[in-house]
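This is what each chain is made of:
There are 2 protein chains.
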Amino acid sequence: MVNANETPQEQLLRLRASIDNIDAALIYMLAERFRCTQQVGELKATNAMPPSDPAREARQTARLRTLALDADLDPDFAEKWLNFVVAEVIHHHERIASER
Amino acid sequence: MVNANETPQEQLLRLRASIDNIDAALIYMLAERFRCTQQVGELKATNAMPPSDPAREARQTARLRTLALDADLDPDFAEKWLNFVVAEVIHHHERIASER
Numbered sequence: 011m012v013n014a015n016e017t018p019q020e021q022l023l024r025l026r027a028s029i030d031n032i033d034a035a036l037i038y039m040l041a042e043r044f045r046c047t048q049q050v051g052e053l054k055a056t057n058a059m060p061p062s063d064p065a066r067e068a069r070q071t072a073r074l075r076t077l078a079l080d081a082d083l084d085p086d087f088a089e090k091w092l093n094f095v096v097a098e099v100i101h102h103h104e105r106i107a108s109e110r
Numbered sequence: 011m012v013n014a015n016e017t018p019q020e021q022l023l024r025l026r027a028s029i030d031n032i033d034a035a036l037i038y039m040l041a042e043r044f045r046c047t048q049q050v051g052e053l054k055a056t057n058a059m060p061p062s063d064p065a066r067e068a069r070q071t072a073r074l075r076t077l078a079l080d081a082d083l084d085p086d087f088a089e090k091w092l093n094f095v096v097a098e099v100i101h102h103h104e105r106i107a108s109e110r
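These protein sequence lines are chains A and B, in that order.
Our numbering numbers the first residue of the first sequence as 11 and each following residue consecutively.
Our numbering numbers the first residue of the second sequence as 11 and each following residue consecutively.
One or more hints might be untrue.
Note: identical chains are not told apart, hence a pair may lie in one copy or across any two.
Dumping the calculated DMTMM-like pairs for lysine to aspartate or glutamate here, alpha-carbon to alpha-carbon at most 20 angstroms [to be verified]:
#	residue 1	residue 2
1	K54	E89
2	K90	D33
3	K54	E20
4	K90	E109
Calculated from the structure, these hints are not laboratory results.
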């Protein structure tokens, strides 16, 4: 979608507008993910299930690496990204458990 | 959407299926974000623009914090998340610039 008449600054602004739209979508999807993991945390705390689940996390990692390859995203980055998000989720789960 | 007849294990599986759907959406949106930032990196390298842009990043952070509040997501987490993604982007930009 490069327009030959665009200056580099105009191209930059066009790309940044797309990045801003994508970031809004990502933030709302992340919020929805945390709504789900919040419910998981409450379920685990109510039923004395452990906050983390290494077997589940291994399956998630393998699946996201496959999805990343299909999407042409670096699978190592996808894995690091999942670890970053899951660390926050486990922190939330521990807080929910400690508040009971 | 809690079904009173569900066991805790069934509730967990239902929530995890939603998390897996959301993660697929997030991975594909992240891939699209990197397609855009890849173009930004090439544009910057071609036009000798600096890889990072602190003023742009400050505006992005403020905007994502506002979006996070609207989405009921912890704005501190949204900011940490953006920093994590932007660090990877700057790493890509530096690699593009060094390859020229």
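Review point. For K90 vs D33, is the C-alpha pair at or below 20 angstroms within one copy, between two copies, both, or neither?
Key: both (18 angstroms within a copy, 13 angstroms between copies)
Check your understanding: Between the shortest in-copy and the shortest cross-copy C-alpha distance, which are at most 20 angstroms for K54 and E89: within, between, both, or neither?
Key -> neither (24 angstroms within a copy, 27 angstroms between copies)
Review point. Using 20 angstroms as the alpha-carbon threshold, which applies to K90 and E109: within, between, both, or neither?
Key: Close neither inside one copy (29 angstroms) nor across copies (24 angstroms); limit 20 angstroms.
Practice item. Go through the copies and call it for K54 and E20: within, between, both or neither, with a Cα cutoff of 20 angstroms. Key: between (50 angstroms within a copy, 12 angstroms between copies)
Checked against the numbered hints given earlier, this structure breaks hints 1 and 4; the rest are met.
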